[in-house]
Amino acid sequence: METPKTAEFAHIGKSVIIKGELSGSEDLYVDGQVEGSIELSGNRLIIGPHGQVRASVNAKGVIVQGKLDGNIRASERAELTKSAIAVGDIVTQRIAIEEGAFFKGKVDIQKDTTQKDNAQKDASKTEGAKPAPAASASAVAGSAAGAATVAMKAIPNDGK
Amino acid sequence: MKIFGSSDSTAQDSAAAQRPKLTRRSSSLAQLIKTLDSEETLCILDLGSTSPANIRYCTERGHKIYSDDLLISSTDPSLVSKDEAGKPTLDSKRFLEENLVYPGAEFDIVLCWNLPDYLDESLVKPVVGRLWSLLKPGGMLLAFFHTQEAGPDAPCYRYHIVGGDVLEMTHIARGDGKKGAPPSKFRLQRVFNNRNIENLFRDFASIKFFLARDNIREVLVVR
Chain A
137 METPKTAEFA HIGKSVIIKG ELSGSEDLYV DGQVEGSIEL SGNRLIIGPH GQVRASVNAK
197 GVIVQGKLDG NIRASERAEL TKSAIAVGDI VTQRIAIEEG AFFKGKVDIQ KDTTQKDNAQ
257 KDASKTEGAK PAPAASASAV AGSAAGAATV AMKAIPNDGK
Chain B
24 MKIFGSSDST AQDSAAAQRP KLTRRSSSLA QLIKTLDSEE TLCILDLGST SPANIRYCTE
84 RGHKIYSDDL LISSTDPSLV SKDEAGKPTL DSKRFLEENL VYPGAEFDIV LCWNLPDYLD
144 ESLVKPVVGR LWSLLKPGGM LLAFFHTQEA GPDAPCYRYH IVGGDVLEMT HIARGDGKKG
204 APPSKFRLQR VFNNRNIENL FRDFASIKFF LARDNIREVL VVR
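If you're matching them up, the sequences are chains A and B in order. Per the working numbering, the first sequence starts with residue 137, numbered consecutively. Per the working numbering, the second sequence starts with residue 24, numbered consecutively.
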């Protein structure tokens, strides 16, 4: 899995602790602790390997390398790397979970409505007056990256 | 501020990653796959260790999937208390208050894998009862049980759906779930015979047994 270069990201360093609402219009790299909410619509969020985030997260793309306790809404893509510990629900268009990641929660893949609309428009153009087929666009589905003595007691027969 | 318990999981991750993957055929999975492949927008609950393969398989087909490693959750030390005789016991009531709670969700399929064989005795019946209430009528539950011939050293596996009737298995240990403890074996708690299994799932509408060659009894239960 390729991690984007973080040089141009705004950084929250290891020793920084933030409590409250965090919002912005640039990419953000969190390697410290954040508690509250993170709102980065249209931008990317990376939770670094030392990052500890207890917050709901809304961003275009989210990469978790550290710890996240909260729901993720990623309009494009969510990614959990092998060191990730994520607890919460994920709503996104695409997901990648590396082998070794710990995840507890729901994964809900939302279809890309923009792509679908464009495909329908294209289909309408090529088919003239014919109505566009309802599901002509292939929806983006989830994808996960792959490399992603016992003492015994017999139970009596009278049931448990 | 300490948000999470501290743990250094790097060594554990690499140990887990180095364990070999085995494959096995599963007749019960083959039946389940027919449903997974033919129906849309199912709601699935996977109670095994986090499996990217299972999440991918389900989401690629438009299903919603919940992942909840119940065996790891059951090893939370704070659940352990001592009874009057000083014997350690698990607080099953608190366990169910904190786990298997999905507001508004009803499941079409629950993947238990070999969870019942490794779960603490006090949790097995309450967990199966809760799963019954989480399943939709007609919903299916898949579980694997060791036969007596499996022996006391039967390893605990994480199961990954490959497709068709093929499962990939990775040996898992305590500590893989990053609770800070070093990896150690999960202990096989008991062996269920057919009658035990029937009793365990007596509230369900039907139960189907599949005997596999590797000393595993596969069970597909319908609510």
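Among the hints, erroneous ones may be present.
[To be verified] Label-pair distances were calculated between CB atoms; the ranges are:
(1) Lys196(A) <-> Ala128(B): 44 to 52 Å
(2) Lys155(A) <-> Lys105(B): 32 to 40 Å
(3) Ser156(B) <-> Gln246(A): 24 to 32 Å
(4) Lys110(B) <-> Gln246(A): 32 to 40 Å
(5) Gly172(A) <-> Glu191(B): 19 to 27 Å
(6) Ala146(A) <-> Pro175(B): 51 to 59 Å
(7) Gln171(B) <-> Lys150(A): 30 to 38 Å
(8) Lys148(B) <-> Ser177(A): 24 to 32 Å
(9) Lys231(B) <-> Lys150(A): 36 to 44 Å
[Stated by the list, open to error] For lysine-lysine, the following DSS-like pairs were computed, each having C-alpha atoms within a straight-line distance of at most 30 Å:
(10) Lys240(A) <-> Lys44(B)
(11) Lys116(B) <-> Lys247(A)
(12) Lys240(A) <-> Lys159(B)
(13) Lys110(B) <-> Lys242(A)
(14) Lys208(B) <-> Lys247(A)
(15) Lys196(A) <-> Lys231(B)
(16) Lys159(B) <-> Lys247(A)
(17) Lys247(A) <-> Lys105(B)
(18) Lys105(B) <-> Lys242(A)
(19) Lys57(B) <-> Lys105(B)
(20) Lys242(A) <-> Lys44(B)
(21) Lys159(B) <-> Lys148(B)
(22) Lys231(B) <-> Lys247(A)
(23) Lys105(B) <-> Lys240(A)
[As the list claims (entries may be wrong)] Reference excerpt, derived from the structure (chain A facing chain B, CB under 8 Å, subset only):
(24) Phe145
(25) Val152
(26) Leu158
(27) Gly160
(28) Lys196
(29) Val227
(30) Ile231
(31) Glu234
(32) Glu235
(33) Phe238
(34) Lys240
(35) Gly241
(36) Asp244
It should be emphasised that the hints constitute simulated quantities derived from the structure, not laboratory data. Since this is a predicted model, take the numbers as computed values, not measurements. Built from N, CA and C at the ideal position, the CB exists for glycine as well.
Quick rundown of the hints versus the structure:
no.	hint	in the structure
1	Lys196(A) <-> Ala128(B): 44 to 52 Å	violated, 27 Å
2	Lys155(A) <-> Lys105(B): 32 to 40 Å	holds, 37 Å
3	Ser156(B) <-> Gln246(A): 24 to 32 Å	holds, 28 Å
4	Lys110(B) <-> Gln246(A): 32 to 40 Å	violated, 49 Å
5	Gly172(A) <-> Glu191(B): 19 to 27 Å	violated, 40 Å
6	Ala146(A) <-> Pro175(B): 51 to 59 Å	holds, 55 Å
7	Gln171(B) <-> Lys150(A): 30 to 38 Å	violated, 53 Å
8	Lys148(B) <-> Ser177(A): 24 to 32 Å	violated, 47 Å
9	Lys231(B) <-> Lys150(A): 36 to 44 Å	violated, 53 Å
10	Lys240(A) <-> Lys44(B)	holds, 23 Å
11	Lys116(B) <-> Lys247(A)	violated, 39 Å
12	Lys240(A) <-> Lys159(B)	holds, 21 Å
13	Lys110(B) <-> Lys242(A)	violated, 36 Å
14	Lys208(B) <-> Lys247(A)	violated, 41 Å
15	Lys196(A) <-> Lys231(B)	violated, 45 Å
16	Lys159(B) <-> Lys247(A)	holds, 25 Å
17	Lys247(A) <-> Lys105(B)	violated, 50 Å
18	Lys105(B) <-> Lys242(A)	violated, 34 Å
19	Lys57(B) <-> Lys105(B)	violated, 46 Å
20	Lys242(A) <-> Lys44(B)	holds, 26 Å
21	Lys159(B) <-> Lys148(B)	holds, 19 Å
22	Lys231(B) <-> Lys247(A)	violated, 36 Å
23	Lys105(B) <-> Lys240(A)	holds, 29 Å
24	Phe145	violated, 21 Å
25	Val152	violated, 11 Å
26	Leu158	violated, 15 Å
27	Gly160	violated, 21 Å
28	Lys196	violated, 19 Å
29	Val227	violated, 10 Å
30	Ile231	holds, 7 Å
31	Glu234	holds, 7 Å
32	Glu235	holds, 6 Å
33	Phe238	holds, 5 Å
34	Lys240	holds, 5 Å
35	Gly241	holds, 7 Å
36	Asp244	holds, 5 Å
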